[in-house]
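Start from the sequences and build out the full structure, keeping to the hints where you can.
Residue numbers (this note's numbering), protein chains in the order written: chain Z, 44 to 315; chain E, 133 to 378.
For the record, the hints were derived by calculation from the structure and aren't laboratory data.
All values reported here derive from a predicted model rather than from experimental measurement.
One should not assume that every hint holds.
Claimed, not checked - Footprint (simulated), chain Z over chain E, 3 or more residues, beta carbon under 8 Å:
| no. | region |
| --- | --- |
| 1 | 154-160 |
| 2 | 317-331 |
What the hints assert, rightly or not - Okay, derived cross-link-like pairs now, SDA-like style, lysine to any residue, Cα gap no bigger than 25 Å in a straight line:
| no. | chain 1 | residue 1 | chain 2 | residue 2 |
| --- | --- | --- | --- | --- |
| 3 | Z | K190 | E | S147 |
| 4 | Z | K190 | E | G373 |
| 5 | Z | K168 | E | R346 |
| 6 | Z | K66 | E | V146 |
| 7 | Z | K197 | E | S152 |
| 8 | Z | K197 | Z | Q254 |
| 9 | Z | K197 | E | G213 |
All C-beta atoms in this analysis are idealised placements derived from N, C-alpha and C, irrespective of residue type, glycine included.
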Amino acid sequence: MQILLVSPDVTSTPPYNAISLHKVSVAYQRQAPLALRDINLSIPTGEVVGLLGPNGAGKSTLMRLLTGLVPATQGEVHVLGHNVATHAHDVRVRVGYLPERVPLYEQMLVWDYLRYMARLRGVTKASLDARMQVVIDGTGLKEVLGKPVSQLSKGFRQRVGIAQAMVHNPDLLILDEPTTGLDPNQILELRSLIRTHGDGRTVLFSTHVMQEVAAMCDRVLFLFSSRLVAEFARADLERMASERACTLTDQLEHMFYTFTHQGVALASGEEE
Amino acid sequence: MSISRIWWIFQKEVSALFGSLVAYVVVVLFLIIVGGMFWVPFFEEVSPVTMRSFFMQAPLFLCFFVPALTMHMFASEEQSGTLELMMTLPIARVELVLGKFLAAYVLLLAALGMTLTYPLTLHILASQQGVWLDFGECLAGYLGLMLLGGAYTAIGVMGSSLTRDQVVSVLVSFALCFALFMCDQLGEVLGLGGDALLGVQYLSTSYHFKAISRGLLSMADVVYFLSVMVCALAVTTARQGTRRIG
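Right under this line is the structure:
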């Protein structure tokens with residue numbers, strides 16, 4: 044278990060961490076409240092990481108920060124060894140991102156959309172067909188390839204969104220609530236896909252579903268009120284669950300409740 | 133900057149524009165109105181065999197129609213969230229802007245291309261009477277329209293990048309195009325003289341367009357239109373960097 048009271052080491056020299064944040068704060072506007080506050084974080088490569096926290100905790104902001112969409116107001120952000128502020132292009136080539144609201148071009152056919160995104164994400168002509176096949180098979184999109192995006196169900200839209208994020212085989216995959224709108228079978232397929240992709244690569248996803256975290260994650264981060272309040276490795280979580288004689292999901296629910304309420308107390312104390 | 137990425141964005145945007153009902157409605161309205169304004173007076177009275185009235189009216193109508201073609205370019209993408217995703221891709225902002233600009237410009241050129249039926253029809257009608265259309269004047273007029281249309285398209289794309297509301301985008305772009313079109317006449321109305329009038333005239337799109345459409349193709353006019361395009365596209369590109377996400 045690691046409660047983040049001390050800043051972790053930040054390094055951008057190989058072997059680098061997939062994600063390194065050093066005293067990072069984010070404000071969307073001057074004078075506005077901080078959307079992220081003094082975040083220190085190091086995620087090794089090759090881990091599947093779950094990001095937990097209540098709505099408004101800063102999960103989406105953290106993900107946008109890692110893609111270079113939102114600049115850090117303070118601190119340094121390194122992704123895959125590159126400083127996001129100075130080498131955003133190098134980061135973007137190697138990162139796949141699915142925002143919370145799946146952004147799709149409604150009038151395009153699914154096939155055309157995925158090809159378009161693959162090209163823009165830097166997939167070479169030589170590997171284009173092979174990569175398309177991998178993500179189409181992985182996300183189960185074969186039956187809707189010839190359909191316009193506007194005619195897709197919510198579940199298929201979500202799958203297309205995930206496919207575009209993975210089409211270039213990114214070293215870091217960032218998924219903001221990826222299972223929203225999926226049925227239980229699709230969720231199981233997605234878990235399998237993320238686990239497969241996460242073999243040697245890093246996946247960071249946010250969710251409110253503890254079962255997903257329990258099923259997939261090597262590491263769990265808890266965000267509350269713009270702060271990273273805790274970080275746990277899977278082995279620590281399993282040990283704690285074993286001590287409490289409960290499942291990993293129950294343990295996560297218990298911790299989510301504890302941290303959010305501790306966070307409320309902390310925030311209240313600060314305000315006073 | 134990668135030409136291939138601009139090409140992919142251009143292809144996607146062209147496909148979206150040519151599949152858009154709004155674009156067809158705008159183009160058809162443009163052709164009906166401009167065509168009507170040209171042909172109805174032509175058949176009602178004895179008119180000289182010239183395209184001059186078309187080249188006098190078309191620039192004003194372009195002020196309305198080009199912003200309507202470009203209004204969705206960035207505004208709808210920002211509204212739907214696709215722009216957020218685009219900003220996470222390894223593409224330069226200028227590639228995105230150029231791809232979109234070129235696509236809108238191609239649609240405009242296609243609409244202008246359809247008006248080539250006017251001089252051709254005029255030529256056929258006039259040649260039966262033994263009168264000939266001045267194709268040199270026609271060529272100069274179309275060249276002027278192409279440059280003017282390029283400037284308006286760039287302004288339209290810029291207007292679309294400034295807001296997520298397509299109606300506001302149209303209004304902002306139209307106001308800018310119209311102001312640039314009318315500012316030389318405004319200078320005359322205000323009684324400006326000397327360098328002030330020259331300055332206002334130099335800013336005016338109609339002043340430069342008239343010079344070209346008379347067949348006087350000077351580098352200064354071409355540079356003016358290219359400058360408007362570059363400035364508007366530079367503002368659009370800079371705007372992508374200052375966009376607030378979230």
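Hint by hint, here is what the structure shows:
no. : hint            : verdict
1   : 154-160         : violated (count 0)
2   : 317-331         : violated (count 0)
3   : Z:K190 x E:S147 : 16 Å, holds
4   : Z:K190 x E:G373 : 34 Å, violated
5   : Z:K168 x E:R346 : 49 Å, violated
6   : Z:K66 x E:V146  : 45 Å, violated
7   : Z:K197 x E:S152 : 24 Å, holds
8   : Z:K197 x Z:Q254 : 21 Å, holds
9   : Z:K197 x E:G213 : 16 Å, holds
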